[in-house]
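Build out the structure end to end from the sequences listed, making use of the hints.
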Amino acid sequence: MTDDEDVKAVLLCQKGDSDAFEILVERHQKRMLNVAYRMLGDYDEACDVVQEAFLAAYRAIRSFKREAAFSTWLYAIVVNHARNRIKQAESRLSHEARSIDDPVGLQDGSLQRDLPDCGESAVERLEKKEVEARVQACIRTLEADQREVLILRDIQGFSYEEIGGMLKLADGTVKSRLFRARAALKDCLVNVLGDWP
Amino acid sequence: MTCKEIEGLLPGMIDGALPDVEMKRIETHLETCASCRKALADLRMSDERVKNLEELEPPPWLITRVMAQVRQEARQKEGILRKLFFPLHVKVPIQALATVLIAFVAWNVYKTGDPEFRQMAPSSTAVKEAPRAQAPQEPAPAAGISKRDEIPATREKKTFAPPPEPGKEPALQSAETRREETTADAEKPVERLRAAKRAAEAPKDENAWKGAGSARTGEADRVLEAEAQDQKQKAVKAPVGAVAKEAGKQEARPAASPMMSAVVSSRPELEITLSARDAGAAAGEVETLLKQFSAHTVERQALEGRVVVLTARIKTEHLAAFRERLKSLGPVQERAHVAPRPGGSLTIRIEIRPE
Chain A
1 MTDDEDVKAV LLCQKGDSDA FEILVERHQK RMLNVAYRML GDYDEACDVV QEAFLAAYRA
61 IRSFKREAAF STWLYAIVVN HARNRIKQAE SRLSHEARSI DDPVGLQDGS LQRDLPDCGE
121 SAVERLEKKE VEARVQACIR TLEADQREVL ILRDIQGFSY EEIGGMLKLA DGTVKSRLFR
181 ARAALKDCLV NVLGDWP
Chain B
1 MTCKEIEGLL PGMIDGALPD VEMKRIETHL ETCASCRKAL ADLRMSDERV KNLEELEPPP
61 WLITRVMAQV RQEARQKEGI LRKLFFPLHV KVPIQALATV LIAFVAWNVY KTGDPEFRQM
121 APSSTAVKEA PRAQAPQEPA PAAGISKRDE IPATREKKTF APPPEPGKEP ALQSAETRRE
181 ETTADAEKPV ERLRAAKRAA EAPKDENAWK GAGSARTGEA DRVLEAEAQD QKQKAVKAPV
241 GAVAKEAGKQ EARPAASPMM SAVVSSRPEL EITLSARDAG AAAGEVETLL KQFSAHTVER
301 QALEGRVVVL TARIKTEHLA AFRERLKSLG PVQERAHVAP RPGGSLTIRI EIRPE
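Quick note, the sequences are listed as chains A and B, same order.
Quick note: the first sequence, position 176, residue 176 per this note's numbering, numbers continuous.
Quick note: the second sequence, position 61, residue 61 per this note's numbering, numbers continuous.
For the record, the hints were derived by calculation from the structure and aren't laboratory data.
It is possible that part of the hints are untrue.
Claimed, not checked - Derived coverage of chain B by chain A (criterion: at least 3 residues anywhere in the stretch with Cβ under 8 Å from a Cβ of chain A; other residues may be distant):
hint, segment
1, 3-14
2, 41-50
3, 55-62
4, 324-335
Said to hold, decoys possible - Subject to a maximum C-alpha distance of 16 Å in a straight line, what follows is the list of computed EDC-like cross-link-like pairs (lysine to aspartate or glutamate):
hint, chain 1, residue 1, chain 2, residue 2
5, B, LYS38, A, ASP187
6, A, LYS168, A, GLU67
7, A, LYS30, A, ASP44
8, B, LYS77, A, ASP17
Ideal Cβ positions, reconstructed from N, Cα and C, are used throughout, including at glycine.
Structure, rendered in structure tokens:
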């Protein structure tokens, strides 16, 4: 995925060629969906957010200046939309306070209790998807600002500079949030999964 | 450095985000601290779990839906543009602009050209002057007449506008309407001239018809009287203003063809007044005389008080003999406006009054 290809498509879109936007959707939809999903933890909601983000990007594409990479600009949009979605959900469920010490709940309700600290045998019983679901659940327990940074850096592999550009944060702020997110996630995963196999 | 401080920095060890100095200090600490080593191992395992998370594939309908929304958005934008520029996109505003521009220019031309239009239109002074020049009481200087004779026929016609239609008050006609008529007339001088010529033929035929009916039957007199009455009514009905004044003063104008009279008989070089007992009978005789002397464009007009006016073109060489024959019919008074040109012809106006 090169920026040049993005730039060509963006220029066409800015000239009114709406079909050129399909190139951008095709190129970025997967990564955007994963960002949204890791932030929201719900596949369908993530799809909705990605659609909204793409449409917002199309509407604003004429205002896009090539001061930054198009991908940085695009992922900032999806992060913002996901963040707004989380805020809406939180306002709806404000009575349900969550903390890192609360039991981690999965979408299908399969995990409603603390797993026993049973070491290797417990890990062996878990299917890969279940482990992933617990990792995802732990990610969701992170503070929103920490979660964003962790997803963008450790899952999506953006550089500190890119993340700073997307979130309008200084490098130091990005790092400090990231360090706290990693520590919190480690604690959650140790709590959920016990000792590593 | 305490374990708590080290634990705060350990996450930076994952991707080497810490400065080298910090890294070395942490590594030194880790050599002697099992719990911090365990914390770092947990961090690395956590990081591995996160990085190994399976990437989700977007649903196949995602791109379809996104593009459907994008295209709908584009159509809406296009729709707004089309509403503005339909049907030819950019051309319609240009056409609208052109229309506005043309309207503006036309209005400007109309406004700036208004004095010229007024100049072309019959001015009230011109209308006033015309009958005065024609009136026998106020003979105009010969030079003035000859100068006026040089004016093109179209201008002269404008000066002698036709009287208003019966039952229609000329005063009600707006100045705009009169101006439009005049402008239209000015644009069609040839048609106007032809119309005048056609009208000039009409009274001639009428006179011929009257002459054929043994000249002066009781019926013919009644017709003449009716015409005279009609003329009188028109003169009375004519309101104030240029047209009204003209209608009131131009008694000599033939009722059937006012335009023709403007062209043919408005400038008689010689005016003769003949007094006779029976003006109608004398007029018939004068008409016969005119025919004998090869006069042409003979017009006959009956006025109020059994006054008959004959207008004709006669050759200068026949003028002396015609005068002598005329004097045999009764006392004659003459008034010449222009000296007769030898070898040419001149317009004479013979007013036959009852004694």
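- Item | Stated coverage of the segment 41-50 of chain B by chain A [criterion: 3+ residues, CB within 8 Å] | holds (count 8)
- If you draw a straight line from the CA of LYS77 of chain B to the CA of ASP17 of chain A, is it 16 Å or shorter? 12 Å, holds
- Given hint ASP44 of chain A paired with LYS30 of chain A - CA-CA distance at most 16 Å: 14 Å, holds
- Query: Are there three or more residues in the segment 55-62 of chain B whose C-beta lies within less than 8 Å of some C-beta in chain A?
  - Reply: With 6 residues in contact (Cβ-Cβ under 8 Å with chain A), the coverage given for the segment 55-62 of chain B holds.
- Message: Given the hinted pair LYS38 of chain B and ASP187 of chain A, is their Cα-Cα distance within 16 Å?
- Response: 12 Å, holds
- Query: Within 16 Å, alpha carbon to alpha carbon, are LYS168 of chain A and GLU67 of chain A?
  - Reply: 14 Å, holds
- Item | Per-stretch coverage check for the segment 3-14 of chain B, three Cβ contacts closer than 8 Å to chain A | Per the Cβ count (7), the hint holds.
- Query: Has the segment 324-335 of chain B got at least three residues whose CB is nearer than 8 Å to a CB belonging to chain A?
  - Reply: violated (count 0)
Hint 4 from the list above is the single one not met by this structure.
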